[in-house]
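Participant: One-letter residues, chain by chain:
Number of protein chains: 2
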Amino acid sequence: MTVIFSDILAANQRIRPYARVTPLLEDPTLNAQLGGRLLIKAEGLQVRGSFKIRGAANAMLARLEEARAHGVVAFSSGNHAQAIAYMGMVLGIRSTIVVPSDAPAGKLARVVEDGATLITYDRVNESREAIGAKIAAETGAIMIKPFDDELVIAGQGTLAVEAIAQAGTMGARIDRFVVCASGGGLAAGISVAAQTMLPNCAITTAEPSGHDDMAQSLASGVLVTNPPGMRSFQDALLTATAGDITFPLLQKAKATGVSVSDQDAMMAMKTAWQRLGLVLEPGGAAALAAVLAGKVALNGQTVCVTASGSNADAEIFAKAIL
Amino acid sequence: MTVIFSDILAANQRIRPYARVTPLLEDPTLNAQLGGRLLIKAEGLQVRGSFKIRGAANAMLARLEEARAHGVVAFSSGNHAQAIAYMGMVLGIRSTIVVPSDAPAGKLARVVEDGATLITYDRVNESREAIGAKIAAETGAIMIKPFDDELVIAGQGTLAVEAIAQAGTMGARIDRFVVCASGGGLAAGISVAAQTMLPNCAITTAEPSGHDDMAQSLASGVLVTNPPGMRSFQDALLTATAGDITFPLLQKAKATGVSVSDQDAMMAMKTAWQRLGLVLEPGGAAALAAVLAGKVALNGQTVCVTASGSNADAEIFAKAIL
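Chains as they are written, first to last, in this note's numbering: chain A, 1 to 322; chain B, 1 to 322.
Chain A extracted, bound-state conformation (with noise of 0.2 Å):
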């Protein structure tokens, strides 16, 4: 149970008919600001806006014919579950996607229109594990986690063979990814990437503050867990713990982590906003925030921040950027 770099070559492969080659964007003002090179790896340009249709994706395709009998099930209510749904009308594959009860409709409605069947759970007395494994053991239906799944990870980490091969026509060669990070699937398919083509490049995860189980974690060697009932403004980065797929990757890579606060998220949102013209979500901004806000020094090197995902609230980037 573990991902290594040949995965990621096959999933690059396989994907590459569906996802976008994101922009890897810089901006020489803020390079001089911060004494290094930024790097910022567009994803909320994506497909359904995050990088989520990277996993999605090889996971769906590495298993096509048995998709396709017998579809598909996930639980997420977010960035995972747009993913699933896009990739199943491409490729003509029923989703179902499990979600609470109390999920905002707005948040669903691009799920609805991509053809996903909801199926929506009571978040007090329920569990969504519980369900998504009843209805694939029932149906045939292959789940699919948000995360912690080999096919899924190998599928994130081909954001890091990109953003490694378009810094090399930008004469630049990344010293350091950070990594917005809630279960640790993208950080982890990235780290894997990144042993491989740059040994000595490091990984930093970005969390919310108040909610950086995977910074504790990565500290202590054992997984913690965010107490029940945390909620951040940062609201894609929210999963109690790291994965148990995951979580090794990442400390054989030797990542650290950092925590940003929602007030860095805003700035970092805002910032992006106005000096490249980018949408960020609050989630998709951590990795950023983290470096605007001196979380993370460049000190003369170049660092790689992944721009995750753009699907935010219109209230709330509207209240980001004013």
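One or more of the hints may lead you astray.
The calculated DSSO-like cross-link candidates involving lysine-lysine, where the alpha carbons are at most 27 Å apart (straight line), are [unchecked claim]:
id, chain 1, residue 1, chain 2, residue 2
1, A, K252, A, K295
2, A, K254, A, K295
3, A, K295, A, K270
4, A, K270, A, K254
5, B, K107, A, K270
6, B, K270, B, K319
7, B, K295, A, K107
8, B, K254, B, K270
9, B, K319, A, K319
10, A, K319, B, K270
11, B, K270, A, K270
12, A, K319, B, K107
13, A, K270, B, K295
14, B, K107, B, K295
15, B, K270, A, K107
Simulated from the structure, these hints should not be mistaken for laboratory data.
Since the structure is predicted, the reported quantities are computational estimates derived from the model, not experimental observations.
Chain A is already provided as a structure; the job is to place chain B on it using the hints.
Facilitator: Frame of chain A, contents of chain B only:
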């Protein structure tokens, strides 16, 4: 005094280290709704937030020694000014920007940050062209006009070279460009490239309703000037009349023009934000608005719209997406 395809190829080579290759985006849901393929050239992600860097870079690089010796001068309080100031900073060229004394400071902050010298004039009693010409005569500075300049037009035309190549890798052939138009520099440059690369490709300009001098000029065959004092929410598209170089080029390409209301532009800004995570400024939304509002029908064809810029005021952008 004209522009030919080889001028655009020369520009494309010249500007490549400075201008980004911006993404060409599409959304299968929008395609299905519109009945064709809609390709969106996301120039809001261009350096300093608009396509203007293409023309500015070409004009400055083509006369680099002279520009370094004597500086450049431009009159603009918008995206052309930002592009000139940025390229001045990057290339080590003194830039002077002639702006109306009542121009909003916010719009000029980045120009000043990039090291340009501002010269203000009285919009009512003074002529910016005369002031610019005087500075050029006194200092030897090169005047770079916003659109009616062969090198600027050739630079803007590189957008089409890029978009046509990108469309090819997406299995598409562009049947029509719809281009946000003010003085017509971008539209003229695109028309020259398209006439060589895709001989049957149509060119449509998109302007604000009530300010559609280009559409009227193209329809009547003579240069029409907008009545003085007209304003529009689409503030990047308020040039009073097309240029002596741009207009004949667009006539030769048998271009036609459409106009869109401010309401159409607002709706296009919202759709681009929701569906693609893209920031558009009002004037940069005119071409997309023309397609979404049905002013240009797809009819099974592939249509490329220029999403020309992202330098929107925060208040206006918030209003559009809420």
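Participant: Check each numbered hint against the structure and report the violated ones by number, ascending.
Facilitator: 4, 7, 8, 13, 14
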